[in-house]
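Asks: Just so you know, the protein sequences line up as chains A, B, C and D, in that order.
So that you can map any letter, position 14 of the first sequence is 13 in numbering that gives the first Met the number 0, and since no number is skipped, the others follow by simple counting.
So that you can map any letter, position 14 of the second sequence is 13 in numbering that gives the first Met the number 0, and since no number is skipped, the others follow by simple counting.
So that you can map any letter, position 58 of the third sequence is 57 in numbering that gives the first Met the number 0, and since no number is skipped, the others follow by simple counting.
So that you can map any letter, position 207 of the fourth sequence is 206 in numbering that gives the first Met the number 0, and since no number is skipped, the others follow by simple counting.
Worth flagging that the hints you see were computed from the coordinates, not collected in a lab.
Check before you lean on any hint, since a few could be wrong.
[Stated by the list, open to error] Cβ pair distances, simulated, as ranges:
1. C:25 x A:434: 22 to 30 Å
2. A:232 x B:208: 39 to 47 Å
3. B:59 x A:33: 47 to 55 Å
4. A:205 x B:12: 51 to 59 Å
5. A:232 x B:110: 19 to 27 Å
6. A:412 x B:344: 30 to 38 Å
7. A:133 x B:33: 54 to 62 Å
8. C:53 x A:412: 39 to 47 Å
9. B:427 x D:184: 44 to 52 Å
10. B:63 x C:95: 48 to 56 Å
[As the list claims (entries may be wrong)] Subject to a maximum C-alpha distance of 27 Å in a straight line, what follows is the list of computed DSS-like cross-link-like pairs (lysine-lysine):
11. A:70 x D:66
12. A:411 x C:66
13. C:179 x C:216
14. B:415 x D:66
15. B:70 x A:411
16. C:180 x C:92
17. C:66 x A:415
[What the hints assert, rightly or not] If you want the footprint, here are the derived chain D segments under chain B, 3+ residues with CB under 8 Å:
18. 34–45
19. 87–94
20. 105–117
Here the structure is a predicted model, which means the values were calculated and not measured.
Glycine included, C-beta positions come from ideal geometry on N, C-alpha and C.
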Amino acid sequence: MKTYKSLSISNPDELVFGISPHTVSCGNGLVIGAGQVFPEINFTLPTLLINEANWQSVISHYHEICEAVIKRSTVLQVPGLVIEFEQLPDMSMNPEWGAEITCLIKQHLDELYAATGIPNALRVTVVDLRDTDQPPLLRTGESCAKTLEAFRLSAQAGADILSIESVGGKEVHDQALLYADLTGIIGSLGILAYRDVGWLWGQITAIADEYKIIAGGDTACGFSNTAMQLAGQGMLPSSLAALDRAASAPRSLAAFEHGAVGPSKDCAYEGPIIKAIAGVPISMEGRSSCCAHFSPLGNIAGAAADLWSNESVQNINLLSGSAPEAFMELLAYDCRLFNTASKSNPLAFRNLMVDSDLPYSPEALILEPKTVIHIASEIVKQTGGYLQTKAAVQAAYEAILSAQNNGRVQIKTAEKVWLDSVALSLSAVPDKEGDALEYLLATYGSFFTPAAYGL
Amino acid sequence: MKTYKSLSISNPDELVFGISPHTVSCGNGLVIGAGQVFPEINFTLPTLLINEANWQSVISHYHEICEAVIKRSTVLQVPGLVIEFEQLPDMSMNPEWGAEITCLIKQHLDELYAATGIPNALRVTVVDLRDTDQPPLLRTGESCAKTLEAFRLSAQAGADILSIESVGGKEVHDQALLYADLTGIIGSLGILAYRDVGWLWGQITAIADEYKIIAGGDTACGFSNTAMQLAGQGMLPSSLAALDRAASAPRSLAAFEHGAVGPSKDCAYEGPIIKAIAGVPISMEGRSSCCAHFSPLGNIAGAAADLWSNESVQNINLLSGSAPEAFMELLAYDCRLFNTASKSNPLAFRNLMVDSDLPYSPEALILEPKTVIHIASEIVKQTGGYLQTKAAVQAAYEAILSAQNNGRVQIKTAEKVWLDSVALSLSAVPDKEGDALEYLLATYGSFFTPAAYGL
Amino acid sequence: MMIHDILAQLTQVVALGKINKNTPLPADMLGQDGASELAFRALEQGITPQAILNDGLLPGMSIIGEKFSRGEAFIANMLISAQAMNAAMEHLKPYFASGEIKSTGTLVLGTVQGDLHDIGKNLVKMILKGDGWEVIDLGTNVSSEAFLNAISSHSDAIVGLSALLTTTMLNMGEVTETLKKHNPETRVYIGGAPVSQSFCQEIGADGYFRDPHSFAKSLRLD
Amino acid sequence: MMIHDILAQLTQVVALGKINKNTPLPADMLGQDGASELAFRALEQGITPQAILNDGLLPGMSIIGEKFSRGEAFIANMLISAQAMNAAMEHLKPYFASGEIKSTGTLVLGTVQGDLHDIGKNLVKMILKGDGWEVIDLGTNVSSEAFLNAISSHSDAIVGLSALLTTTMLNMGEVTETLKKHNPETRVYIGGAPVSQSFCQEIGADGYFRDPHSFAKSLRLD
Ligand code: B12
Ligand code: B12
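The whole structure should be built from the sequences, with the hints applied where relevant.
Replies: Dropping the structure here:
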């Protein structure tokens with residue numbers, strides 16, 4: 000296990016799109032983080048049951064999507080391309096199904112490379128099936144075995160990069176989030192999720208090594224993107240979602256402590272913090288993923304991106320063509336902006352993206368390069384997931400407070416009262432991991448089993 | 000009739016997004032061209048027959064769309080909003096239908112203004128029904144009367160801005176385009192379309208004046224966007240589409256000679272040339288309209304935009320929400336980029352957009368500010384649509400040649416032969432409008448009637 | 000006017016989320032009576048359990064619900080109000096069992112087969128509980144048979160289905176069919192991001208709701 | 000080997016778009032024989048009209064069609080080749096009338112009611128003509144009745160429908176129904192940007208094609 004005691008990028012002005020200290024070479028001649036931002040296109044099935052009867056139709060959808068996005072990339076002469084195949088539950092439950100589609104997509108990418116020389120790679124994201132059981136077993140049982148088998152078969156079938164949106168700790172975090180319980184949030188992310196990600200990525204890295212492919216990265220999607228969505232629906236204070244984002248960084252960093260090398264996963268908006276610490280290339284999504292979810296991070300998300308993604312879009316028809324093809328066009332143009340800026344004044348463009356979102360939301364503040372570096376540096380001062388998570392939340396809270404005080408960021412009236420109460424709640428968060436674990440057991444004991452976390 | 004003998008903007012560095020010499024005030028407190036770029040959101044029905052039986056369903060779609068886009072604009076705090084209601088044929092054929100929807104949308108916008116103070120306006124685009132007859136009658140007959148009635152009822156029902164994608168001359172241009180016949184193209188745009196736009200906008204301006212609303216502008220969509228689409232499908236040389244774009248500017252300028260004041264219509268990519276000449280604010284669309292059509296102009300289209308549009312998207316569900324809401328989010332973020340850049344260094348961002356597309360296509364070259372000003376200045380040196388159109392094509396051709404020679408723009412191998420032949424074809428284009436008209440009559444006489452053009 | 004007083008107080012503590020004397024929130028009510036104490040006292044005063052529920056507790060939930068709808072409160076506030084209400088309900092429970100008062104109704108709820116998303120479903124549970132519904136939560140990845148079993152032992156229950164995937168949403172059709180075949184009277188309601196009104200009609204369900212509040216509201220009107 | 004020679008020459012001039020001796024293009028063939036002269040001469044030499052069509056003209060169209068598909072030629076080249084072919088066909092026409100050779104078939108084509116977009120439809124016409132089809136173009140905004148009338152007088156014709164609007168595409172269903180009711184054997188093909196394979200199945204049409212080339216190709220295989 001690797002531990003990060005210092006930052007890979009400590010100057011905010013070096014945290015910029017397209018460049019990361021540790022580049023990643025993968026797939027058909029693609030080098031990520033070496034100066035260019037590449038599109039990472041994502042897609043999914045339209046309304047369609049996945050079963051044997053529909054299998055031919057499923058396959059044709061993926062063929063059709065590949066043809067469309069490859070055609071568009073070629074026309075727009077993208078400098079490189081990543082396709083993410085995000086499996087749907089049935090495809091991981093039946094890993095041969097996932098493998099068949101992996102193989103199909105890989106073939107399209109190989110043909111693209113042969114025909115045009117456009118470097119490319121295939122990311123396969125397996126579904127984390129391990130919360131089928133309640134409480135989740137995580138390290139044992141059939142759903143764990145299936146999840147790992149899905150990784151193995153995907154690797155065999157031609158995946159270049161492996162990823163997952165892992166769920167350990169979520170069963171507690173879901174509860175804590177709704178009650179805005181900071182100790183619960185920090186404990187579930189810093190103790191439970193942190194331990195699970197470490198264990199899981201040990202397994203994934205072993206598979207990646209065996210097949211000589213890349214262990215990409217994880218995402219706290221089920222944690223902080225849920226928080227972001229809930230805040231977007233007015234269910235949670237936006238500042239809570241902001242704190243939750245910071246809190247998720249040590250948990251996602253654990254993948255890199257256990258062998259992942261990037262590119263991190265697109266929906267991991269904690270990516271910039273990871274990039275600052277581990278120096279790995281990251282995938283990000285912003286306004287380009289308006290097809291998949293809304294967010295207060297549309298532009299600022301691009302500030303440090305090495306891949307630029309649309310998260311997901313169904314294969315349905317728009318007026319121009321299929322939706323995946325349309326979003327391929329959008330990504331290609333966005334990447335042209337990134338890469339043209341790289342040649343002249345990348346910082347000016349980065350700051351434009353940052354400044355355009357910053358005033359409107361504390362969630363955007365967390366992605367501001369200066370704040371990112373501040374949070375990252377507080378994280379590396381601590382040892383172990385729990386203390387790191389607590390420090391990250393503390394740093395994020397201070398950043399929000401000071402930005403509120405000097406008027407850099409709007410805080411909605413409704414959440415000012417809540418924000419005022421945070422200092423008190425934070426002071427109640429235990430200093431010792433053991434105490435926090437006890438709290439989790441006392442408060443949420445019915446939702447999780449310590450054994451699932453090797454506790 | 001106004002004639003333009005000099006440029007409103009003659010310095011390429013003053014041709015920039017958000018600012019136009021003659022601002023337009025309209026709707027609920029909206030001022031266009033005074034420093035900010037506003038989103039112009041567009042939408043249409045999903046697959047659905049428009050008839051009496053479905054009318055309630057049609058109405059609910061428009062309600063639902065308005066609620067969604069207004070919610071998103073409010074959440075993202077847009078500085079202003081234009082909604083374009085682009086009618087579908089049945090709504091102009093039954094002008095009360097179009098008026099009912101106009102009224103419905105206007106009400107939503109009034110509520111938005113009352114609730115949030117976000118300035119806004121409603122553009123209504125009527126369908127040009129005048130080519131129902133073949134050859135089109137244009138100035139007489141039932142379809143002409145219906146088209147004008149649709150304008151009147153829309154104005155009555157609450158439209159703030161009137162627009163149309165008019166079609167006079169298209170019946171000849173369609174043919175000439177497929178045969179890559181430059182005399183035919185220049186003649187159909189410079190004589191026929193130019194005359195028709197002038198006549199039609201005399202009528203529209205009168206209606207706008209009567210209701211004290213804004214006569215927006217026209218678009219050569221049926222001409223040069225068709226050429227762009229055909230070039231995109233490999234049917235025409237991209238350079239021909241580029242020449243056609245330049246050729247369409249005098250035709251669309253005719254609307255401004257006859258009382259239109261802007262904002263021009265989103266799909267009028269000839270907008271920047273018009274802005275340089277007439278100084279009016281323009282609406283543009285680029286990567287943001289990936290839902291509606293593909294183009295080689297995704298970024299460069301933004302260089303001089305005063306409104307930024309998505310052209311059109313059906314009211315269907317994406318994973319995030321409805322497609323109109325998703326594209327509202329995209330436009331809002333794009334406008335944040337524009338408006339944040341305006342505060343610091345607008346030219347740097349403009350040049351980024353320009354430089355990112357320029358190398359890839361001669362069609363992009365036509366939108367480069369320097370080239371725009373060159374073409375515009377050649378246009379104002381001439382008098383009358385025909386000579387202006389010829390001069391525009393000549394200027395565009397020279398720009399393409401020189402950009403090809405100094406390697407600034409890629410020309411595909413397949414079209415080099417064609418480009419080589421252009422000099423000869425251009426030299427064969429008559430100097431006198433009368434000769435060109437004779438040519439049109441001889442070659443395409445069965446497609447049009449001179450009387451429809453007052454000839 | 001004692002009756003009015005104590006019910007009004009109950010409404011207030013529910014809306015504020017004051018569960019009992021010992022709970023620390025809201026800070027300015029430290030040591031004061033909460034919903035639990037007040038409900039106990041109201042029963043002592045001879046106020047009917049039905050009146051306590053209808054005129055004391057439920058109006059409190061409405062107040063916080065409305066605040067929430069206006070964006071002036073968050074889900075945590077709702078949840079804590081629901082806890083306050085539940086604390087009061089503890090005292091009323093015996094009367095429910097004896098049939099003296101009737102609960103609003105029973106909702107059988109679950110995320111359909113193949114789908115593990117459950118936050119939306121959990122919110123539905125919490126908010127309907129707050130409205131006095133008894134909720135039988137079957138969890139995630141729930142098969143048609145499991146729904147059928149649950150409904151067999153609660154024949155007057157209504158059913159709520161949740162799905163977040165464009166693939167699994169189709170399983171809602173199967174569940175609806177199975178349930179309606181067994182008992183055409185069973186009302187089935189659906190929700191979740193990819194679902195829509197037209198999809199609801201397609202599969203023959205009885206209603207689609209964008210969020211739990213509109214669901215609860217509509218059930219109140221039934 | 001005269002026969003082979005002149006047919007090969009015909010193929011070449013059609014592919015290059017050399018219509019007749021006097022046409023200026025291609026510049027390096029100025030004054031040379033074009034399709035018109037060569038077809039006339041071939042008939043004189045006693046080559047059958049059917050052979051001229053099948054072994055001279057159509058292969059020329061195939062060559063330019065393939066070049067077009069590979070992105071090495073434009074629609075204008077196709078159209079000029081089609082003109083060259085038509086010039087040659089002028090000499091063959093009498094034999095068509097007499098039934099000595101058969102044309103590929105008849106296509107009744109139009110843009111459906113409510114829709115005035117016609118460039119796509121016109122391309123279909125041009126390309127199918129180039130493949131030897133007789134095309135009856137009903138224009139735009141064509142009602143079901145108009146299609147029915149046209150098909151009544153050409154009972155063995157196939158039908159092509161075009162639509163560019165999400166609203167008018169639904170009229171394709173009505174047209175198909177009307178035509179099939181009248182004669183279930185009538186084959187109806189559809190195209191246009193918003194249309195798709197699944198929509199085609201939905202309305203019971205016989206085929207959807209993304210572009211005229213794939214349409215023509217598939218008809219060739221029939
Ligand atoms: C959080 C999340 C997860 C978490 C789930 C955590 C959990 N315990 O639920 C995790 C990380 C585990 C996850 C996993 C996956 N997810 Co997920 N996930 C999300 C995310 C980000 C938010 C969902 C959420 O909780 N929203 C907040 C809640 C409150 O909203 P809601 O569920 O819509 O509920 C509201 C209403 O709909 C309504 N409601 C809901 N149910 C009901 C029922 C009734 C009766 C009523 C009246 C109302 C109602 O009330 C709620 C409150 O208003 C969405 C993104 C998005 N844009 O929604 C993706 C999303 C749903 N997931 C997606 C995908 C693809 C997956 C995975 C397949 C990814 C993978 N390859 O691993 C897996 C599948 C897991 C499985 N087997 O089901 C896609 C779905 C794409 C598709 N094809 O449909 C989405 C849209 C993301 C994306 N844009 O690509 N996901
Ligand atoms: C040019 C154009 C026009 C021109 C039409 C010129 C003409 N003579 O056709 C004008 C300006 C008149 C026009 C008007 C309108 N248009 Co229009 N138009 C377009 C545009 C830009 C290009 C269409 C085109 O010619 N493409 C090139 C041809 C070659 O492609 P194609 O038609 O798809 O055909 C190809 C294939 O589909 C196939 N094919 C076609 N038919 C068939 C048939 C068969 C049997 C087969 C096998 C194959 C086949 O072969 C062709 C070659 O590959 C599109 C944008 C777009 N993205 O497509 C909008 C578009 C179609 N128009 C649109 C709209 C809204 C309109 C108007 C209602 C606008 C208005 N408010 O006035 C009016 C309606 C007029 C009417 N009554 O029909 C929308 C449709 C939205 C919707 N709801 O469906 C579009 C998509 C623009 C947009 N993105 O918003 N339009």
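Asks: Do the beta carbons of residue 232 of chain A and residue 208 of chain B sit within 39 to 47 Å of each other?
Replies: holds (46 Å)
Asks: Mind checking, does the stretch 87–94 of chain D have 3 or more residues with a CB under 8 Å from chain B?
Replies: violated (count 0)
Asks: For residue 415 of chain B and residue 66 of chain D, compute the direct alpha-carbon distance and say whether it is at most 27 Å.
Replies: holds (15 Å)
Asks: Has the given pair, residue 411 of chain A with residue 66 of chain C, been kept, meaning a C-alpha gap of at most 27 Å?
Replies: holds (15 Å)
Asks: Quickly compare the C-alpha distance for residue 180 of chain C and residue 92 of chain C to 27 Å and report which way the hint goes.
Replies: violated (34 Å)
Asks: Below or equal to 27 Å on CA atoms is what counts here, so check residue 70 of chain B against residue 411 of chain A.
Replies: OK: residue 70 of chain B and residue 411 of chain A at ~16 Å, within 27 Å.
Asks: For the stretch 34–45 of chain D, do at least 3 residues have a Cβ located nearer than 8 Å to some Cβ of chain B?
Replies: Coverage by chain B is violated here, the residue count being 0 at a Cβ distance below 8 Å.
Asks: Starting from residue 179 of chain C, check that the Cα of residue 216 of chain C is at most 27 Å away, please.
Replies: holds (24 Å)
Asks: The hint says 51 to 59 Å between residue 205 of chain A and residue 12 of chain B; measuring C-beta to C-beta, is that right?
Replies: The hinted range 51 to 59 Å holds for residue 205 of chain A and residue 12 of chain B, with Cβ atoms some 58 Å apart.
Asks: Verify the CB-CB distance for residue 25 of chain C and residue 434 of chain A against the hinted window 22 to 30 Å.
Replies: holds (26 Å)
Asks: Given the hint that residue 66 of chain C pairs with residue 415 of chain A, test it: the Cα-Cα distance must not exceed 27 Å.
Replies: holds (15 Å)
Asks: Given the hint of 39 to 47 Å, is the C-beta distance from residue 53 of chain C to residue 412 of chain A inside that range or not?
Replies: Roughly 33 Å apart at Cβ, these two residues miss the hinted range, so it is violated.
Of the numbered hints listed earlier, those contradicted by the structure are 8, 10, 16, 18, 19.
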